[in-house]
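Student: One-letter residues, chain by chain:
Protein chains: 2
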Amino acid sequence: MSVLDWIAVDWGTSSLRAWGIGTDGAVLWSEASDTGMGGLGPSEFEPAFLDLVGHRLGESGPVRVIACGMVGARQGWVEARYRSVPCAPLDPVLTPAPTEDGRLDFRIISGLSQSNPADVMRGEETQIAGFQALNPKFDGVICLPGTHSKWVHVSAGEVVSFQTFMTGDLFAAIAGHTVLRHSVRTEDWSETAFAAAVDDAVSRPEKLAARLFSLRAEGLLADLPAADARSRLSGLLIGAELAAARPYWLGQNVAIVGAKGISARYASALSALGVSATIADGGQITLKGLAAARSLASESPS
Amino acid sequence: MSVLDWIAVDWGTSSLRAWGIGTDGAVLWSEASDTGMGGLGPSEFEPAFLDLVGHRLGESGPVRVIACGMVGARQGWVEARYRSVPCAPLDPVLTPAPTEDGRLDFRIISGLSQSNPADVMRGEETQIAGFQALNPKFDGVICLPGTHSKWVHVSAGEVVSFQTFMTGDLFAAIAGHTVLRHSVRTEDWSETAFAAAVDDAVSRPEKLAARLFSLRAEGLLADLPAADARSRLSGLLIGAELAAARPYWLGQNVAIVGAKGISARYASALSALGVSATIADGGQITLKGLAAARSLASESPS
Chain D
3 MSVLDWIAVD
13 WGTSSLRAWG
23 IGTDGAVLWS
33 EASDTGMGGL
43 GPSEFEPAFL
53 DLVGHRLGES
63 GPVRVIACGM
73 VGARQGWVEA
83 RYRSVPCAPL
93 DPVLTPAPTE
103 DGRLDFRIIS
113 GLSQSNPADV
123 MRGEETQIAG
133 FQALNPKFDG
143 VICLPGTHSK
153 WVHVSAGEVV
163 SFQTFMTGDL
173 FAAIAGHTVL
183 RHSVRTEDWS
193 ETAFAAAVDD
203 AVSRPEKLAA
213 RLFSLRAEGL
223 LADLPAADAR
233 SRLSGLLIGA
243 ELAAARPYWL
253 GQNVAIVGAK
263 GISARYASAL
273 SALGVSATIA
283 DGGQITLKGL
293 AAARSLASES
303 PS
Chain U
3 MSVLDWIAVD
13 WGTSSLRAWG
23 IGTDGAVLWS
33 EASDTGMGGL
43 GPSEFEPAFL
53 DLVGHRLGES
63 GPVRVIACGM
73 VGARQGWVEA
83 RYRSVPCAPL
93 DPVLTPAPTE
103 DGRLDFRIIS
113 GLSQSNPADV
123 MRGEETQIAG
133 FQALNPKFDG
143 VICLPGTHSK
153 WVHVSAGEVV
163 SFQTFMTGDL
173 FAAIAGHTVL
183 RHSVRTEDWS
193 ETAFAAAVDD
203 AVSRPEKLAA
213 RLFSLRAEGL
223 LADLPAADAR
233 SRLSGLLIGA
243 ELAAARPYWL
253 GQNVAIVGAK
263 GISARYASAL
273 SALGVSATIA
283 DGGQITLKGL
293 AAARSLASES
303 PS
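So the sequence lines, in the order shown, correspond to chains D and U.
Position one of the first sequence corresponds to residue 3 (my numbering), numbered consecutively onward.
Position one of the second sequence corresponds to residue 3 (my numbering), numbered consecutively onward.
Warning: the hint list may mix true and false statements.
To be verified - Part of the chain U face toward chain D, derived, beta carbon under 10 Å:
no., residue
1, D171
2, H184
3, P207
4, A212
5, L223
6, G241
Unchecked claim - Simulated restraints on C-beta separations:
no., chain 1, residue 1, chain 2, residue 2, range
7, D, D141, U, S16, 49 to 57 Å
8, U, E46, D, G263, 38 to 46 Å
9, U, G253, D, D190, 39 to 47 Å
10, D, E189, U, P49, 33 to 41 Å
11, U, L252, D, L252, 26 to 34 Å
Bear in mind the hints are in silico, worked out from the structure with no lab data behind them.
Where is the CB? At the ideal position from N, CA and C, for every residue including glycine.
Please put together the full structure from these sequences, using the hints given.
Tutor: Structure representation (C-alpha cells):
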C-alpha cells in the first residue's frame, strides 16, 4: 500500500482543498472546507490547515505541503512574491510558511505579475502549469473564465503576457446588489438571449451602458422573462470582456480551462466570433499543476 | 398668517420628504424620514405617512397631498400607471391612494414609459416639470445624474424620448461588492484621474472591461492611491454612460439637474467633450414640479 509522500493544497479566498499524494503518485485522500484565506488572520492559517488534515499526518518527521492560491497573498499566511512575466508559470523556489507543528513543511507557489498593463494572478499559474503538463507543446492562448477571468498568452513554455477581466465578480455584484436583482432571479438560461447579447456587446461596445437598465424596463413593460434577463446580463458582460480581449483571441489557438458550465458559455461566445476554442478538462488541472511544482522543487537543490 | 393649503411629497425608494404649503404658496414646514417605499408593504404607507405629518394635520376636512416617486410603483402604495412618451411630463389626472384617515386626500403622479427602447422613470418627470417651470422656453436635453441617471430629450414642453443609465447603482455595487472594494476605500478625489478615465472610456469603449481590474493590480504593484482608483472607477463608468448617450448630447443644448457634486462631475466630463452644459439648481426642482402638478390638477375638473 502506498505511503503519504506529500500534500497538494489549493487555498483560495473562499475555499481550501487538500489532497494526500502517495509515493506512487496516486491520490490517497482528499479533504475540503470553506475556510478560505479571506476570513483568516496570519496566525490562523496553521490551525485551520491542521483542523482539516491534522488527523492525516503521521509522526515521522515533516511532510512536504505544496500550496497555490491566495494563501500566498500579502494578506495570506505569508507573502509569496509575484514573479514577473515573461517567465515559466512555475519556479523551483517556493516560499516557506512559518509553522509551529514539526509535522509540516509548508511551501507556497508564487503568483505572476505584469507591469504594463499592470496585472496579477495567483493560482492560475498553477492551472497553466497543469495544462502544460497535459499539453507540453501548446503555443497559443489559454482562457481561464471565472470570477476574475484570465487570458494568457503562452509561448515556448513561458507566460508571455496576460490580462484579467473581473467578469464573474461584476455579474455577481450587478445581479445581487443593483436594481437588476429584481429582474434576474432565476437559475434558468436562454442560449438565444445570451448569444444575442454577446453579439451586441462585441459589435457595439459603446452601447453597453445603455443596455443594462433596459433589462429592468423590459421586465416592467414587456414581461421580459427572468431567464432572458439573466442570460442577457451574462452575455453583455462576457461580450464586453471579449471585445476588450480581442488581441488575445483574434487568429489565435485558444484553449479554455475552467468549470464545465462557464467554459461552454465562453466556447459558444467565441464560436460566434469565428474562433474554435478547445475546452480542456478543468477538473484535475490544479492538482496536475501542483504535482508539476512538486517535481520541479524536488529537482532543485534548495 | 398663511394656512395649510396642501402637502407636497417626494417618496422614493429610501426616503420620504414632505412640505406643508400655505394658501399663499409659501413653505410652512417640512418633514423628512428614511421610511422609503422599499421597506413598506401596501398597508404600511398610510401609517408611515401619518407618523411623519399626522401632527401637522387639522381637523377641518381632508387636505390635498400630491406625491411623486416610487410610492406610485407596482410595489408602492398604489400603482400610478406609466404614461407613454411623447407627452408632457405631468398630467392633470392623478392616482388617488386608498386612505382610512378622513384628513387625507392623497394623490400620486404617474411616471413615464417609453416602449422602444424600453425605459421608465418615476419622480424624474416631476423634476423635469420643475425645471420647465423655471425655464418655460427650454428645448434640448436634460441630464439628471444619479443612481439611475436619465437623459431626457424635451421639445415644445413635451418629453420626446429618454434613456436611463444605472451608473450610480453600478458604482455602488462595484465599489462595495467586488474585489475593487479594497482599492477605492476613500472619499478623496483626483480630478486628473477622473478626466483621464472619462476620456479613455469615451474614446475606447471597447476597452472598458480591461480597465477595471487594473485598478486593483496597480494598487498591488504600483501603490496606486485610493483616490486615483476611486476617481478612475467613477470616470470609467460616467465615460461609458457618455459614450452610449452620445446621441443625447452631441450638438445639443444640455442642462444638468441634480445634486451639486455629481452635477459638477458630469459638467466637467461633458466640457472635455466640447459640450458646454448648464447646471440647473437641483435643490428645489422637485418641489417646484410638485407645485406645477398641484396647479394642473386644480385647473382640471376631476
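Student: Would you check whether A212 of chain U satisfies its interface hint, that is, whether its CB is within less than 10 Å of any CB in chain D?
Tutor: holds, 4 Å
Student: Return holds or violated for the Cβ distance of L252 of chain U and L252 of chain D against the range 26 to 34 Å.
Tutor: Hint holds: Cβ distance 30 Å, inside 26 to 34 Å.
Student: For E189 of chain D and P49 of chain U, compare the CB-CB distance with the range 33 to 41 Å and indicate the outcome.
Tutor: Taking Cβ atoms as reference, E189 of chain D and P49 of chain U lie about 37 Å apart, which means the hint holds.
Student: Hint says 49 to 57 Å; check whether the CB-CB distance for D141 of chain D and S16 of chain U agrees.
Tutor: holds, 54 Å
Student: Answer holds if the nearest beta-carbon of chain D is closer than 10 Å to that of D171 of chain U; otherwise answer violated.
Tutor: D171 of chain U check passes; min Cβ-Cβ to chain D is 4 Å, inside 10 Å.
Student: Using the Cβ atoms, figure out if E46 of chain U sits within 38 to 46 Å of G263 of chain D.
Tutor: holds, 41 Å
Student: Answer holds if the nearest beta-carbon of chain D is closer than 10 Å to that of G241 of chain U; otherwise answer violated.
Tutor: holds, 9 Å
Student: Was the hint right that P207 of chain U lines chain D, CB cutoff 10 Å?
Tutor: holds, 4 Å
Student: Kindly confirm whether 39 to 47 Å is satisfied by the beta carbon distance between G253 of chain U and D190 of chain D.
Tutor: holds, 43 Å
Student: Mind checking the CB of L223 of chain U against every CB in chain D and telling me if the closest is under 10 Å?
Tutor: holds, 5 Å
Student: Is the hint on H184 of chain U kept, meaning its closest Cβ partner in chain D is under 10 Å away?
Tutor: holds, 9 Å
When each numbered hint is compared with the structure, no violation occurs for any of them.
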